[in-house]
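Could you build the full structure based on these sequences and the hints that come with them?
Numbering (the UniProt record's numbering), first residue to last: 1 to 846.
By construction, these hints were calculated from the structure, which means they are not laboratory data. Every residue, glycine too, gets a C-beta built ideally from N, C-alpha and C. A few of these clues could be false.
Claimed, not checked - For each label pair, taking beta carbons as the anchor points, the in silico distance ranges come out as:
#1 68 with 461: 32 to 38 Å
#2 461 with 214: 56 to 62 Å
#3 457 with 134: 51 to 57 Å
#4 46 with 17: 28 to 34 Å
#5 438 with 486: 43 to 49 Å
#6 486 with 385: 48 to 54 Å
#7 720 with 818: 51 to 57 Å
#8 46 with 599: 56 to 62 Å
Claimed, not checked - Lysine-lysine pairs mimicking BS3-like chemistry, simulated, CA-CA at most 27 Å apart:
#9 311 with 258
#10 321 with 284
#11 297 with 254
#12 297 with 387
#13 669 with 702
#14 258 with 297
#15 288 with 268
#16 321 with 290
#17 311 with 335
#18 254 with 296
#19 288 with 311
#20 268 with 296
#21 311 with 387
#22 702 with 767
#23 268 with 258
#24 321 with 387
#25 767 with 801
#26 258 with 284
#27 56 with 321
#28 335 with 387
#29 717 with 801
#30 311 with 268
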Amino acid sequence: MAPRRKSSSMQEEFPVDVVENIVDVDVSAEMETSFLEYSYSVIYSRALPDARDGLKPVQRRILYMMTQMGLHPDKGHVKSARVVGEVMGKLHPHGDAAIYDAMVRLAQSFAMRLPLVDGHGNFGSVDDGPAAARYTEARMAPAALAMTGDLDEDVVDFVPNYDNQFTQPGVLPSAFPNLLVNGSSGIAVGMATNMAPHNLREVIAGAQHLITHPQATLEDVMAFIPGPDLPTGGTIVGLSGIRDAYASGRGSFKTRAKVSIEQVTARKQGLVITELPYMVGPEKIIEKIKDGVQAKKLSGISDVVDLTDRKHGTRLVVELKNGFNPHAVLLSLYKHTPLEDSFGINNVALVDGQPQTLGLLELLRVYVDHRIDVVRRRTEHRLGRSKDRLHLVEGLLLAIVDIDEVIQIIRAAEETAEARTRLMQVFDLTQVQAEHILELRLRQLTKFSRIELEREQEELRARIAELEEILGSDATLRSVVSAELGEVAEKYGTDRRTVLTETDDLAQLAKAATPAGAKKTGKGLGLALETADDPCWVALSASGLLGRTPGAPGGRERLADPDQRIKHDALVSCIPATARGEVGAVTSAGRMLRVNVMDLPVLQLSGQAPNLGTGVPVAEFLTLARGERVVGLVPTSEVIALGTRDGVVKRVNPDYPLNRDDWEVITLKGRDEVLGCAAAADDDHLVFITRAAKLLTFDASKVRPQGRTGSGVAGIKLAEDDAVLAFGVVRPGQRAEVVTIAAQDDSLPGTGAGSAKVTAFEEFPAKGRATGGVRAHRFLRGESRLALAFAGPGPVRAVSKSGVARSLPTEHGARDGSGVPLERDIVAVGPSLDGLDAGQRQSPTS
Numbered sequence: 001m002a003p004r005r006k007s008s009s010m011q012e013e014f015p016v017d018v019v020e021n022i023v024d025v026d027v028s029a030e031m032e033t034s035f036l037e038y039s040y041s042v043i044y045s046r047a048l049p050d051a052r053d054g055l056k057p058v059q060r061r062i063l064y065m066m067t068q069m070g071l072h073p074d075k076g077h078v079k080s081a082r083v084v085g086e087v088m089g090k091l092h093p094h095g096d097a098a099i100y101d102a103m104v105r106l107a108q109s110f111a112m113r114l115p116l117v118d119g120h121g122n123f124g125s126v127d128d129g130p131a132a133a134r135y136t137e138a139r140m141a142p143a144a145l146a147m148t149g150d151l152d153e154d155v156v157d158f159v160p161n162y163d164n165q166f167t168q169p170g171v172l173p174s175a176f177p178n179l180l181v182n183g184s185s186g187i188a189v190g191m192a193t194n195m196a197p198h199n200l201r202e203v204i205a206g207a208q209h210l211i212t213h214p215q216a217t218l219e220d221v222m223a224f225i226p227g228p229d230l231p232t233g234g235t236i237v238g239l240s241g242i243r244d245a246y247a248s249g250r251g252s253f254k255t256r257a258k259v260s261i262e263q264v265t266a267r268k269q270g271l272v273i274t275e276l277p278y279m280v281g282p283e284k285i286i287e288k289i290k291d292g293v294q295a296k297k298l299s300g301i302s303d304v305v306d307l308t309d310r311k312h313g314t315r316l317v318v319e320l321k322n323g324f325n326p327h328a329v330l331l332s333l334y335k336h337t338p339l340e341d342s343f344g345i346n347n348v349a350l351v352d353g354q355p356q357t358l359g360l361l362e363l364l365r366v367y368v369d370h371r372i373d374v375v376r377r378r379t380e381h382r383l384g385r386s387k388d389r390l391h392l393v394e395g396l397l398l399a400i401v402d403i404d405e406v407i408q409i410i411r412a413a414e415e416t417a418e419a420r421t422r423l424m425q426v427f428d429l430t431q432v433q434a435e436h437i438l439e440l441r442l443r444q445l446t447k448f449s450r451i452e453l454e455r456e457q458e459e460l461r462a463r464i465a466e467l468e469e470i471l472g473s474d475a476t477l478r479s480v481v482s483a484e485l486g487e488v489a490e491k492y493g494t495d496r497r498t499v500l501t502e503t504d505d506l507a508q509l510a511k512a513a514t515p516a517g518a519k520k521t522g523k524g525l526g527l528a529l530e531t532a533d534d535p536c537w538v539a540l541s542a543s544g545l546l547g548r549t550p551g552a553p554g555g556r557e558r559l560a561d562p563d564q565r566i567k568h569d570a571l572v573s574c575i576p577a578t579a580r581g582e583v584g585a586v587t588s589a590g591r592m593l594r595v596n597v598m599d600l601p602v603l604q605l606s607g608q609a610p611n612l613g614t615g616v617p618v619a620e621f622l623t624l625a626r627g628e629r630v631v632g633l634v635p636t637s638e639v640i641a642l643g644t645r646d647g648v649v650k651r652v653n654p655d656y657p658l659n660r661d662d663w664e665v666i667t668l669k670g671r672d673e674v675l676g677c678a679a680a681a682d683d684d685h686l687v688f689i690t691r692a693a694k695l696l697t698f699d700a701s702k703v704r705p706q707g708r709t710g711s712g713v714a715g716i717k718l719a720e721d722d723a724v725l726a727f728g729v730v731r732p733g734q735r736a737e738v739v740t741i742a743a744q745d746d747s748l749p750g751t752g753a754g755s756a757k758v759t760a761f762e763e764f765p766a767k768g769r770a771t772g773g774v775r776a777h778r779f780l781r782g783e784s785r786l787a788l789a790f791a792g793p794g795p796v797r798a799v800s801k802s803g804v805a806r807s808l809p810t811e812h813g814a815r816d817g818s819g820v821p822l823e824r825d826i827v828a829v830g831p832s833l834d835g836l837d838a839g840q841r842q843s844p845t846s
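Right, dumping it as structure tokens:
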């Protein structure tokens, strides 16, 4: 043994004959070699997906291991930590965090267009991470079966794992183009990939077209795949970047949230966001909005409410301040928040182990070639198994011809080899056939088994002919691949979620809607931030809905087609105003409430006419006492006339208080109540109609205007047990109508079919104030009172309790004539929008 010496510093013994061998290595060369090896490992084994199945190695190993564990969709969930442990211990020797993160992404419906893992528990959101693996559970999603199907039929090559104890597939069979459907993202060394998800049905339709027409162009394929289909929906604005990406593998496009302008409360409008750009969460949006408001970049926003939940999905409500143009605020949000985001496409994937940037055609061709190879290998495997089975069945059929001799040969043999040799000699069998016969049970060699064997023989021969036909014809093979893709699309396909737009419609709307010289929201936005004081109409329908027409030039022009009948199109009042003005709402208790027009909901358009059904119930907008109701809308700058149930009339001077929101406009006596109101000049006609069908009209000049506290004067003289039913105002020269609707004696108003009559207002002569008037309606048998009445501008609409339009007699009758029997219920009558013009001041009704 060689002598040893001691080290003074370490007190350890080393052989004295050690020969030092120091090798000088260039640092730059070593770094280059090591970095290249590391780069290749990251590119090939971690960050980039395979262009064939669209999976990174860790994702592929997760799905394969879940298949081996039997975690199919029809089985129960297991702890995610168990799956992570199996993958880490057998196939993926890296940290459990990386494996769990990859499995979580496969389960997130907002990240994957077609999730491959069915997660149970908190798998996170765009804003928050998932719970720990020990808390969540998982199993394969149904679509994962299409990714891993036929793995036991030699369709792909298997490679050893990291310690050569197990094998794993180098690629999955992938029965659908997963890379295009679910997209991918990853950062390698010196390169990265970012691929957008697409719609399964569209991608498969494009792949089928490419299978049938291998020489198809990009334009041909884009007819089936027009653009990405993001899991979270939204809108893609501008398609030129998508075309660039499909052609070269690189490009970008803009995504926008799905936003609607709604009446979120009775007084406020809001922007309701129901779909967000890809991988953008509500919390990020809220944070950016708050930062923008604090930095004075965003205006007109009063609050942001997140109503998102798992049951109803995304719902983010941005409440707007009154007086701000919602379209302008929306454009500001698009500019300063992630409600509009960009997605950069970089289609980098592995092809034969090498990273390549691929366009749409190349991606589809790589997948189609892979799928054709998978189906070919599967067909060859099935053909081999079918031939082997046919060989055994033919041997059994030969032996069954003389089953007794088979049994005798086996019994006479002293060992298996002798029995096998004897069977081969006597029945002319192969060794494989003889071995199979020796392994059979006696009950399988009955006469009934012969019938089954002959049937199986026929089926196998037909199956072999079919498989050989597939392998013998490239066209047949491609048709099989195409048919299987069609089955996958039918089974797992869903409708498109993302809307594709070629042009920016909102920018065009902004340009068209901006008044000349208006204050702008900011550089280049092109839309007035604050709502202009444009003319509009404020309407109260007979069914109790309140709103205003869109404020715009021409807002006081004719509002509707006279032949168009819209639901709720019977008005209590419809008065001209401006978007930043105010009107008064008169109640049955004699109060007037100040109403800011800007606070009113904007009525949506139905064709060219405002849709009164989009208003809000007046009881939700105004604070009313129990039993109190709004009887009409009036301008706050003109003299108005009021009529009560007891026949009192009053004209009120517009000296209303400026520091109050409500005040009395008449002092009522007893249980009297206001029935109607309208602006009334001296030359207008005031009209009373009673339940006993008496009508009185006289000039408004006969009633002197009073202050707010006055109690009015006598308007019409009432008979005993009679009461006023309707009060109205008619302008001189105005086309006006009187509508009277009688009720059956034994029915409630609106529940029985009475008679109705429409009479021209000019048929009724004027009488003195405080007189009894003239008869307006002759009752039919069984009628003794009026249920409804109206006097005012025509044409007149009638509506049911639900606001549905009802018919009235079209012919004008004599003032003292009888009415036409009705067939349907009517609960209110009033003028319609088509009867209003630029010069009209008011439209009262009962």
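Is the hinted pair residue 56 and residue 321 satisfied, with a Cα-Cα distance of at most 27 Å? The hint is violated at about 49 Å.
Taking 27 Å as the top limit, are the C-alpha atoms of residue 254 and residue 296 close enough? holds, 25 Å
Does residue 254 lie within 27 Å of residue 297 when you go C-alpha to C-alpha? Judged against 27 Å, a Cα distance of about 21 Å means the pair holds.
Given the hint that residue 258 pairs with residue 297, test it: the Cα-Cα distance must not exceed 27 Å. holds, 22 Å
Check the hint pairing residue 311 with residue 387 against an upper bound of 27 Å on the C-alpha distance. Distance ~54 Å between residue 311 and residue 387 Cα, so the pair is violated.
Straight-line alpha-carbon gap residue 258 to residue 284, limit 27 Å: holds, 16 Å
Hinted pair, alpha-carbon criterion (27 Å max): residue 297, residue 387. Please report holds or violated. violated, 76 Å
Does the alpha-carbon distance linking residue 335 and residue 387 stay inside the 27 Å limit? violated, 67 Å
Given the hint that residue 311 pairs with residue 268, does the C-alpha gap stay at or below 27 Å? holds, 26 Å
Using the beta carbons of residue 486 and residue 385, state whether their distance is inside 48 to 54 Å or not. violated, 26 Å
Hinted pair, alpha-carbon criterion (27 Å max): residue 717, residue 801. Please report holds or violated. Violated: residue 717 and residue 801 sit about 32 Å apart, past 27 Å.
Per the hint of 28 to 34 Å, is the separation of the Cβ atoms of residue 46 and residue 17 within bounds? violated, 46 Å
Against the hints set out earlier in the document, violations occur for numbers 2, 4, 6, 7, 12, 17, 21, 24, 25, 27, 28, 29.
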